[in-house]
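Chains as they are written, first to last, in the numbering used here: chain Y, 20 to 209; chain L, 705 to 1387; chain W, 7 to 304.
Calculated directly from the structure, the hints in this document are not laboratory data.
The C-beta atom is built at its ideal place from N, Cα and C for all residues, glycine as well.
Treat each hint with caution, since some may be false.
Some, not all, of what chain Y presents toward chain W, calculated at C-beta under 8 angstroms [stated by the list, open to error]:
#1 Thr100
#2 Phe138
#3 Ser155
#4 Arg179
#5 Lys201
#6 Gly206
#7 Gly207
Some but not every residue of chain Y turned toward chain L, in silico, with C-beta under 10 angstroms [claimed, not checked]:
#8 Leu50
#9 Cys52
#10 Ser54
#11 Cys55
#12 Gly56
#13 Cys59
#14 Gly62
#15 Ala63
#16 Tyr67
#17 Thr68
#18 Phe98
#19 Arg102
#20 Gln105
#21 Lys106
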Amino acid sequence: MIQHAIATRGSSFLQEVIEHTPGGERIVHCLQCGSCGGSCPNGADMQYTPRAIFALINADEREKVLTSNTMWCCVSCYFCTTRCPQKIPITDIMYTLKRLAIRDGLAKDTDAPALAKTFTDLLDRYGRSFELGLASRFYLFNKPMALLKMGPLGLSMFSRGRMALIPKRIKKIEQLQAIIQKARQLGGRS
Amino acid sequence: MAEKLGIYVCHCGSNIAGMVDVEEVARWAGKQIADVAVARDYKFMCSSLGQQMIEEDIRKLGLTRVVVAACSPHLHEKTFRRACANAKLNPYLCQLTNIREHCSWVSTDREAATAKAKALVYAAAERVKWQQPLEPMPVKVNPRTLVVGGGIAGLQATLELADAGYEVYLVERSPSIGGHMAQFDKTFPTLDCSACILTPKMSEVGQHERVRMLTYSELEEVSGSVGHFRVKIRKKARYVDENLCTGCGICVEKCPRKVIDHEFEAGLGYRKAIYTPFPQAVPRIPVIDTQACIYFERGKCRACEKVCPTNAIAFDQKDETIEIDVGNIILATGWKMFDCRRLPQYGYGRLPNVYTNLEFERLCNAAGPTGGKIVLRDRKTEPRSVAIIHCVGSRDVKTNEYCSAVCCMAALKFGHLVLEKTKAKVYSFYIDMRTNQKGYEEFYQRLLEEGMIFVRGKVAEVTDAARLPSEHGQLIVQVEDTLLGKQRRIPVDMVILMGAMEPQADAKELGLKCGISCSMAGWYTERHPKLDPVATMTDGVFVAGVCQGPKDIPASVAQGAAAAARVQALITKGTVMIEPVVASINEEACSGCRICNNLCPFNAIEYDEDKGVSRVITAMCKGCGTCVAACPAGVISGAHFSNQQILAEIQGALWDANPNGNGLGGDGHASSAGDTQPSLVAG
Amino acid sequence: MKYAYYPGCSLEVNSAAYDVSVRAVAEELAIELEELDDWNCCGATEYFSQDELTASAVVARNLALVDPELDQLIAPCAACYLNLKKTDHLMATDPEMGAKVNECLAAGGLKYEAGRVWVRHLLDVIHDDFGEVAVRDKVVRPLTGLRVAPYYGCQVVRPLSEGDCTEYPMKMDRLLTWVGAEVVDYPCKAHCCGGHMTQISEPQAFELIRRLLANAAEAKADMILCMCPMCQLNLDAYQSRVNGFFKTNFQVPIVFFTQVLGLAFGLPPEKLGFGKEIVPARPVLEAKLSSAPAGAGA
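The following block holds chain Y by itself, in its conformation from the complex (with noise of 0.2 angstroms):
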């Protein structure tokens, strides 16, 4: 019946977003209330709305979508979830979104991509998140300005035993690695 619901819609990147996300057949029901981007912190700053997004997705605009600031502005609060009328789990959603448009080099305007990287790098390399490697490298790269002003903030924490120097590595590393060797391989929902 489901099934049968989004084939008749006639968008494949509607069937395309439901296929990676968990849940993601209830995007069918969306009344278009606007419950989402009413909830959302950040939503005065979106391109569109989560609501629009689901039209877009209907629409199959998938490069519109794509393009989109949306779901960077997503800071996982999911408000718009457990509000939603209609049960769509819209946070997961916004994953989704998240990981196609890194995945087919479509992102756009931010800069949230570039930390993921530099984040999941560091956490590949020692098994543990490395605060001021991952605020140097980051910044580096993407705003050496903004690591001016990072500065005093740094300071304070180290002075107050808050920033470690060097990072840690855990003792089963090759095991980590292992198991996200097997993952790539594997590859994410298809």
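Starting from the known structure of chain Y, arrange chains L and W on it as the hints suggest.
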């Protein structure tokens, strides 16, 4: 046994034929099932041509049993039984099996559906061979009717029947009739005063010589069936003697205890410990609220008793159970208000100036706690801006999936009242504006002209957390204006939540007492959603008003009148034929153990002291089979549901399309089920 | 009662105050915490933004490391808490995904059976398992007179809340009342702190932080109490920059709820990580809690 079976497989257009190979089912039945004289398929078996075909076969081929594989027996069992009767075949020798709701509509695999249809036909064929001719029993219809619920739907039904010359018992749970409509100020779309159109009906009911009102009373128990129900009603203690009280009201005036009235005034006003809910209450006899009364709390006071000029106060009154006999029952039990605290994002209960729709009805009612002045909780300040939020607890799968049907119009009415009585700006936050009855769309247009502001979007939250200095001290409505695709924050002074209509908390329980069921949402299920909206699956029990589903006043009134018309038809007819599907006890073999006596849910078994045996009161028996299963001696039998019939049916149903399967009759041939007594018979 | 403990990266360094106060409060309540041996980062929101399977496998390694004798895992950081819970949930509700995650774990010689570990937050453990009587019983220095704004943030209460309201949670409110604090009505208590937005778009993040500070200041709260290191970091470390950006002058100390809970249980401030916050809590603690021993704060 030399039975001659006719098997009739219906296509139901494409409803069945679209998923089941009906020709194959008929062909197969003709070949594989023992004793089948004829097996046919037909486009619409329920059409007059289809019925004629069956009648002719009975006459010409001398059929002794008929199986129709079609839709639910709820829809067409009567049709085919009548066809058999027309051809002089006892209607109880016809068996309808459901290959639509139970098969084609719930299948996606044509082959599997066809196999299932064959199994169902097989089961019916095996069963029908054991069925006995039965004769329905005539029962006289008691011309008295019970109406449960004194809201507008129940009042309408009561008046229709009483005016037609029949006696009515009207049972109402609260101290006065009138229902929710008595709380409202104006009614949409005409804006006539709710009390002005309701109270004449209330007093007419109150004074009607053929109406016996039982207010402050609840339905306890129902037994019997159409034409002859016996009903137990609990009349709660009022602590006021109804025969002595003149309704002068001096007791209320002198009562020293004042408490918040959470019922009629929706928490906005006060009432005394002895009270009538509102000035036009019918009857005007007050009630003592034992939770509030000083005498019940501390053992002294009795101020009311001292001032009563007719000595009507009766502190020793007890709940009383009344038994009445009626022929029909109309349930018009209405609805309850959604608890807006369940959606904390709207701040109800935390933010004082967030109101529910019911509170606002009282607020703008001239007889209400503020005398009709629209003011904030401080009782002084007139709001400069009001936000009306639609769909609070409606159209939301986490609360209620359904649309409450009246809120859009009520919101427009509120908008009009605010604009009329104050200088405030009024916003309506809606998802879809639903104004689809006579005069409703015109009312929407009127509000557009009057200056109500419409924002399309479900409100995300109402907060007192200001972001800008301009928002301080106000309630901020945060919403996506979906027509702009922009998030907006609109500061207002007052918020009205259009809370959903919900089924009464005990709707299911009351339904069970009367033998009717509820939908998933909790509304009473009608016999047919389009063609029989006020009857139920239980003959003699009718529904009217919101208890059947959200609706407005005109629709409730129409249903009240419709239910009354249905009852009148039965009364005028005088007798009804009741199903002969009843239990009977073989008195010779009965040991008189009386186990069945208390198990019968319909009190239909009596005990004969002299003979020392139990006996079924046929007119009360509903054929449920409880006693049949319970009898330790196995001497109770259920007509139309004998052990042979059921076991034969099971054996037929176990036919397996897959020859390698484990089902009985795997060879596709009729096994011994039809020829010999099934060996599984217990007891 | 013994629980597995997943501190998470933030608690190691930047929110060490949370870690020490969690451990100290746990000890007072006879909660034994067994830290996972060789745990790894949960990936925050960053891994899930890139690759669902890898993100899940990285999280699942931690679930697989839980001592087979234990069936409950405490994660104080909201992001870690949600990632652990969400992964367990995903593996349980989507068996295909669960099998894939286990295939990845197998590459590291590990295995996790969905549903085996109940991921919990310390607030839920104290509120639900101990309750009012047990908590009141532990109080030796009631926080009378201290006005606190309980700040829950997002990811513990949404989307997988354990019985608390997702809009207006109350568990921390109640807990703080039990230890004698004066809890203000804080309408922003479950609103967003900006998360990683401080790194990506400062104007957006600063506005979210400003709202929280302004709302607490308006409610005349002496301090904001957090239950997530990211919230604490954003509100505390960025407070002066937010002041500069909006020309405001907020001075709201931001500490973890476990820190003040420890105070109420009579533990010395230095054992609770006080002094690590950037906006100092000491002045207000000294002013409000007359019996506060010297040494509170840096």
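Cross-check of the supplied hints:
1. About 5 angstroms separates the beta-carbon of Thr100 of chain Y from the nearest beta-carbon of chain W, less than 8 angstroms, and the hint is met.
2. A least Cβ separation of about 4 angstroms between Phe138 of chain Y and chain W falls short of the 8 angstroms threshold, and the interface hint therefore holds.
3. Checking Ser155 of chain Y against chain W: minimum C-beta separation of about 12 angstroms lies over 8 angstroms; hint violated.
4. Given the 8 angstroms rule on beta carbons, the hint for Arg179 of chain Y holds: about 5 angstroms separates it from the nearest Cβ of chain W.
5. Below 8 angstroms, beta-carbon pairs count as interface contacts, and Lys201 of chain Y has one with chain W at about 4 angstroms; its hint therefore holds.
6. With a cut of 8 angstroms, the hint placing Gly206 of chain Y at the interface with chain W holds, because the nearest CB-to-CB distance is about 7 angstroms.
7. Restraint check, Gly207 of chain Y versus chain W: the minimum CB separation of about 4 angstroms is within 8 angstroms; hint holds.
8. The closest approach between the C-beta of Leu50 of chain Y and any C-beta of chain L is roughly 6 angstroms, which is under the 10 angstroms cut-off, so the hint is satisfied.
9. For Cys52 of chain Y, the suggested interface contact is upheld, since its CB lies about 4 angstroms from the closest CB of chain L, less than 10 angstroms.
10. Evaluation of the Ser54 of chain Y hint against chain L yields a held restraint, the C-beta minimum of about 4 angstroms falling below 10 angstroms.
11. With 10 angstroms as the threshold, the beta carbon of Cys55 of chain Y comes within range of chain L, its nearest partner Cβ sitting at about 7 angstroms, so the hint holds.
12. Residue-level restraint check for Gly56 of chain Y holds (minimum Cβ-Cβ distance to chain L is 3 angstroms; threshold 10 angstroms).
13. Checking Cys59 of chain Y against chain L by beta carbon gives a least distance of about 7 angstroms; that is within 10 angstroms, so the hint holds.
14. For Gly62 of chain Y, the suggested interface contact is upheld, since its CB lies about 4 angstroms from the closest CB of chain L, less than 10 angstroms.
15. Among the interface hints, the one on Ala63 of chain Y holds; its C-beta lies about 5 angstroms from the nearest C-beta in chain L, closer than the 10 angstroms criterion.
16. For Tyr67 of chain Y, the shortest C-beta to C-beta distance to chain L is roughly 7 angstroms, which falls under 10 angstroms, so the interface hint holds.
17. Residue-level restraint check for Thr68 of chain Y holds (minimum Cβ-Cβ distance to chain L is 5 angstroms; threshold 10 angstroms).
18. With its C-beta approaching chain L no nearer than about 7 angstroms, Phe98 of chain Y sits inside the 10 angstroms limit, and its interface hint holds.
19. At a threshold of 10 angstroms, the smallest CB-CB gap from Arg102 of chain Y to chain L is about 6 angstroms, leaving the interface hint in force.
20. Hint status for Gln105 of chain Y: holds, given a least beta-carbon distance of 6 angstroms to chain L, under 10 angstroms.
21. For Lys106 of chain Y, the interface hint holds, since its Cβ comes within 10 angstroms of a Cβ in chain L; the closest pair sits about 5 angstroms apart.
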